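*Asks:* Below, each chain spelled out in residue letters.
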Amino acid sequence: GAVVSQHPSRVICKSGTSVKIECRSLDFQATTMFWYRQFPKKSLMLMATSNEGSKATYEQGVEKDKFLINHASLTLSTLTVTSAHPEDSSFYICSAILLAGGADTQYFGPGTRLTVL
Amino acid sequence: QKEVEQDPGPLSVPEGAIVSLNCTYSNSAFQYFMWYRQYSRKGPELLMYTYSSGNKEDGRFTAQVDKSSKYISLFIRDSQPSDSATYLCATNAGGTSYGKLTFGQGTILTVHP
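Chains as they are written, first to last, in the numbering used here: chain A, -7 to 109; chain B, 17 to 129.
All the pointers check out, no bait thrown in.
Chain A regions said to be covered by chain B (calculated; three or more residues, Cβ under 8 Å):
#1 32 to 44
#2 84 to 98
#3 102 to 109
Think of the hints as simulated: they come from the structure by calculation, not from any bench. Because the structure is a prediction, the values reported are computed rather than measured. Even for Gly, the Cβ is constructed at its ideal location relative to N, Cα and C.
Produce the complete structure using the sequences and hints provided.
*Replies:* The following block contains the structure:
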């Protein structure tokens, strides 16, 4: 099946630094990708919709200046957590939609564990 | 009130048992209902989805939706230790089974030999 990868799988950083997370659709093109955040034992919460070639759409309560999203190509979306703080520590998961003429499917990446010290 | 409520468990069953996982939702606009399985430290993978009310079966898995009571269920027959994971229900008000999904909290399931 289609594969969505994320890099890095795990990152530890100091408070105040910025961290970039990559999401790639490996064998298909995705005009739309989504970024979710998942706290321990909590559900996935949609952060934003990433659209290739245009600005991302952020969900209510998500700071767009803190979580910068760039969807520069049909196979790559990046999420940059700027000036990270311990409360940003979470599991970040992206997903991409494979459009296949009626058999459209949303695939999720393996996630990136961010720990801010 | 959360849009999708799911009992987080944990739920522990012996191998071979029938497992019942449930969610309730509040938004009557939801049309598509999905079940995802998530292994520890991995992303969710789609098990199956149902449109509107009714049942859908796929192997040992059966999904049920009752829109009148806003209740969705996943049944796992002959459960196996490899079924041990977190199961997430998800819904979508859009006209597809994908997109801006609203997830339940997830139920942690352990199937012990």
